[in-house]
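Residue numbers (the numbering used here), protein chains in the order written: chain A, 1 to 131; chain B, 1 to 157; chain C, 1 to 88.
One or more hints might be untrue.
Distance ranges between label pairs, derived from CB positions [said to hold, decoys possible]:
no.: 1; chain 1: B; residue 1: L72; chain 2: C; residue 2: R86; range: 53 to 63 angstroms
no.: 2; chain 1: A; residue 1: V95; chain 2: C; residue 2: L20; range: 41 to 51 angstroms
no.: 3; chain 1: B; residue 1: F50; chain 2: C; residue 2: G29; range: 49 to 59 angstroms
no.: 4; chain 1: C; residue 1: R86; chain 2: B; residue 2: G35; range: 49 to 59 angstroms
no.: 5; chain 1: C; residue 1: G29; chain 2: B; residue 2: L155; range: 16 to 26 angstroms
In case anyone wonders, no lab produced these hints; they're calculated from the structure.
The structure displayed is predicted, hence computed values, not measured ones.
Even for Gly, the Cβ is constructed at its ideal location relative to N, Cα and C.
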Amino acid sequence: MTDVITAALMIVGAFFMVMAGLGVLRMPDLFLRMSASSKASTLGSGALLLAVAVHFGSVGVTTRAVATIVFLLLTTPIAAHMLGRAGYFVGVKLVETTVIDELAGQYDLRSHRLRSKQPATAPPESDQPQV
Amino acid sequence: MNTLLLNTLLALSWIALTGTFTPANLLFGFVLGYGLLAFTQRLLPPSRYFTMVPRVIAFVLLFLAELIQANLRVAFSVLSPRLDLRPAVVAIPLSVRSDPAITLLANLITLTPGTLYLDVSEDRQVMYVHTIHVHDLEQFRQGIKNGFERRVKELLE
Amino acid sequence: MNVSDLALYGILPALMLAILLTVARLLRGPSLPDRVVALDLLTTLGIGVIATYAIATGQAAFLDVAIATALISFLGTVAFAYYIERTV
Chain A
1 MTDVITAALM
11 IVGAFFMVMA
21 GLGVLRMPDL
31 FLRMSASSKA
41 STLGSGALLL
51 AVAVHFGSVG
61 VTTRAVATIV
71 FLLLTTPIAA
81 HMLGRAGYFV
91 GVKLVETTVI
101 DELAGQYDLR
111 SHRLRSKQPA
121 TAPPESDQPQ
131 V
Chain B
1 MNTLLLNTLL
11 ALSWIALTGT
21 FTPANLLFGF
31 VLGYGLLAFT
41 QRLLPPSRYF
51 TMVPRVIAFV
61 LLFLAELIQA
71 NLRVAFSVLS
81 PRLDLRPAVV
91 AIPLSVRSDP
101 AITLLANLIT
111 LTPGTLYLDV
121 SEDRQVMYVH
131 TIHVHDLEQF
141 RQGIKNGFER
151 RVKELLE
Chain C
1 MNVSDLALYG
11 ILPALMLAIL
21 LTVARLLRGP
31 SLPDRVVALD
41 LLTTLGIGVI
51 ATYAIATGQA
61 AFLDVAIATA
71 LISFLGTVAF
81 AYYIERTV
């Protein structure tokens, strides 16, 4: 029984890992690549680590595997956020099919702060605070 | 939080009584302790524990279902010979304000495939999210606000 | 066919394929953040390889290496992102 669960988890993990690699290679711009890599790799390595926990079935191994999964779940989004921010400052191009980019021009390139509305040159949308 | 401590204590005493220290047995001890505490709820000082635990479990299950389903969708779109993409960077007005709530929301958005959290403005009014496939911007905004944001708000604020 | 055979002959080759695809992106670039994304994915794939290898050999001690790799990869990516942002 545990062998079947282990095998299933390993196959799922390997599948999503290959999807992550394929996505990183095929996607046309930085943000799409991050989109493909960050989640598929989290799910893939999470499934593989769970397979280890099920296979060995002892407390020590399970706590270590679960700790690693939690750590990955916490850190992957942060790494993606920081890389996306850095990419935006470097001026990475978005792919031509992008529908809309509402972040364009919102970063203050000198102070590295992020505004919530267009600066004063654009017509103000409304005076009411956005809820 | 005291009830959580009590529950842990009950789980540990279950372990001590049965003498097998395995993850499955620990989990069973927790479930047993929770049942016992829920049964004797009226004798204990009032606590949010009994409303929070089902909520947290429902939240985790919803998230896992979303994660797997959406990952499969992205896998199909990666495998299709012609990439059919309509990416967009969308500004979503925020109604959660506290640091933990925003952090949890951002992590959830990044971990669900198709969407990637980019940044939050300094005044915490707007969150910028990148998405792979968008049909209707307003519908997408409402989807995030009514789905994850509402649940995060229920959980943390 | 038992689990360790599956890990050795089924899962590890699939992970190798994923690593090759990622290395192709690492070499192709075009920008520095793209390469960092590829490097980050490579370390995560490394964690998967370590986990699979632990099952294949029956040695749970390899899991400690996976934890250390996860910690270091996060720090590396954050440091890269920080310095890329400072170059502007």
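Go through the numbered hints given earlier and state which of them the structure violates, listing their numbers in rising order. 1, 2, 5
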